[in-house]
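Starting from the known structure of chain S, arrange chain W on it as the hints suggest.
Here are the chains, one letter per residue:
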Amino acid sequence: MGVHIVGGSVIKIDRHFELGYRDLAYRVIRDCSECLDVDYVVISSTLPELSAHQVDLGTHIIQWIGRRVPVVRVESGESSGLAAVELAASLVESGRVEKALVLGVEKVTEYPTYTANYLYTLTLDYEYEVLRGVTPPAYASLAMKELIKSGVRRECFSNWAIKMHENAAVVPHAMLKFKISHDSLKDTQILADPLTLYDSFAFGDGAAAVVVSSTPNRSNSSVEIVYSNTEVGLPAYAREKISDLTASAKALKESLERFGLDLRKVVVELHDSYTPYPIAILRALRYLDSECDLSNFECLNLSGGLKARGHPIGATGVYQVYEVFKLLTSGLGGKTTSSEYGIVHSMSGPDNLSRVLVLKR
Amino acid sequence: MKLSAPQFWRVKENQYKLVITICKNCGRKTVFKRPICPHCGSDGVEYIESAGIGVVEEFTKVYYKRDSSEDRLPEVVGVVKLREGVRVVGEIVGIRSDEVREGMEVEAVLRKYVSDEPYGIIYYGLKFKPV
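These protein sequence lines map, in sequence, to chains S and W. Under our numbering, think of the first position of the first sequence as 25, with each following residue one higher. Under our numbering, think of the first position of the second sequence as 3, with each following residue one higher.
Bear in mind the hints are in silico, worked out from the structure with no lab data behind them.
Derived EDC-like pairs (lysine to aspartate or glutamate); straight-line CA-CA distance at most 16 Å: (1) Lys63(W) - Asp217(S); (2) Lys83(W) - Glu264(S); (3) Lys35(W) - Glu151(S).
Here are the computed distance ranges between Cβ atoms for each label pair: (4) Val256(S) - Ile124(W): 32 to 38 Å; (5) Thr83(S) - Ile55(W): 50 to 56 Å; (6) Asp45(W) - Arg282(S): 28 to 34 Å; (7) Thr83(S) - Leu5(W): 29 to 35 Å; (8) Ile50(W) - Glu179(S): 39 to 45 Å; (9) Glu107(W) - Arg120(S): 57 to 63 Å; (10) Gly122(W) - His77(S): 17 to 23 Å; (11) Gln213(S) - Glu104(W): 20 to 26 Å; (12) Tyr126(W) - Trp88(S): 43 to 49 Å; (13) Gln213(S) - Gly122(W): 27 to 33 Å.
For every residue, glycine included, the Cβ atom is placed at its ideal position computed from N, Cα and C.
Isolated chain S (complex conformation) (with noise of 0.2 Å):
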């Protein structure tokens, strides 16, 4: 049986102050008919039980859209909207269902800033790192370094920057929509020395929607879901290099290979949370040299990644799960692509684990 992705619906990523985890998710399907003609929901949200003092956070959103539909909620850090659409996927191709929504929902601004990076750190090992003074810039600030040490140039990373904001500035429902230069990286706020704030995901309230169901849509607006994997890398502490990010070179070879692809043909969306990431899968993947020309990428991370689009950390993976379908129906931001293959990629913490999707138009 085959699995398909017959809709869905973004709502802009920003700083959402007047919006709660249920109005949020409320704004996102208001307006998505097909949202709502289904025997399943997913909702897949990160933070809840920390940022807004919620468990069961699935069951109350569906109490309050007054709906009576099954739901269950995933969280798996970082990859939880991706984790969400592999489980959607899985419903309907073993005939459980026929139509399920992955809803994915998230509120990073409930509290100052400083409180949403402790809530993000925790994505790490509480008590073997956070405790221990780690976060997620730090790993990524050295991840940095090891590659600069390898003969990646610093350009390198705030080139992923600029593409990205440029990639940005046309989506509709991205956070940071403008154009950034290399003059306007200069004397920007260092997050871990050499990683500063431009090498960093923006941090935003979101609501992704997108609808897998066991049949095609009639008008060729649907893609199928033909593939998915996921690898679990070893602990940051624990590798020879924290920027072997393994698990994702893994997860997406495999994919590609499989199927017989190019990443530099295809439409992909990869998790860039911190700009060394990219450059590290691309360069595990010999797609990089230490020149690191994405030029050569027709369709990569058109919606302007993590790192422009915005991180709504549960919702994440269902944005990109929509921005791909979109490229390969009817267009995103008035990009459209002849690519028949798109790949979604999705990790936590520092490559803990990875998720690849491959959708087929």
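Leaving out everything else, chain W in the frame of chain S:
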């Protein structure tokens, strides 16, 4: 943040000592006492206690403001290669952040991690200071 006495008590051996897990199956060493080798999945493991002396291989000055970090930024986080050949990531203290150098010899010391201010539980654990 509320700290839990039982949670920290359970992991005290890995917070107060540097224990290394040696896998009898694949031969790899990993920091922390763990029941299963993270590399090959074998439970045939044995343990040694590190002397706590090592060399800073890499480090970063962290300005990432978060709950419980406000009074100590910038903090230095480094990769320390222990004499026993295992790497461990941790904070480097007892030295000005601009004086930390790669190749510097450091030793593990017991320092405060976090506390429930002002009268609550305090967690202590290992950091590194120059020898």
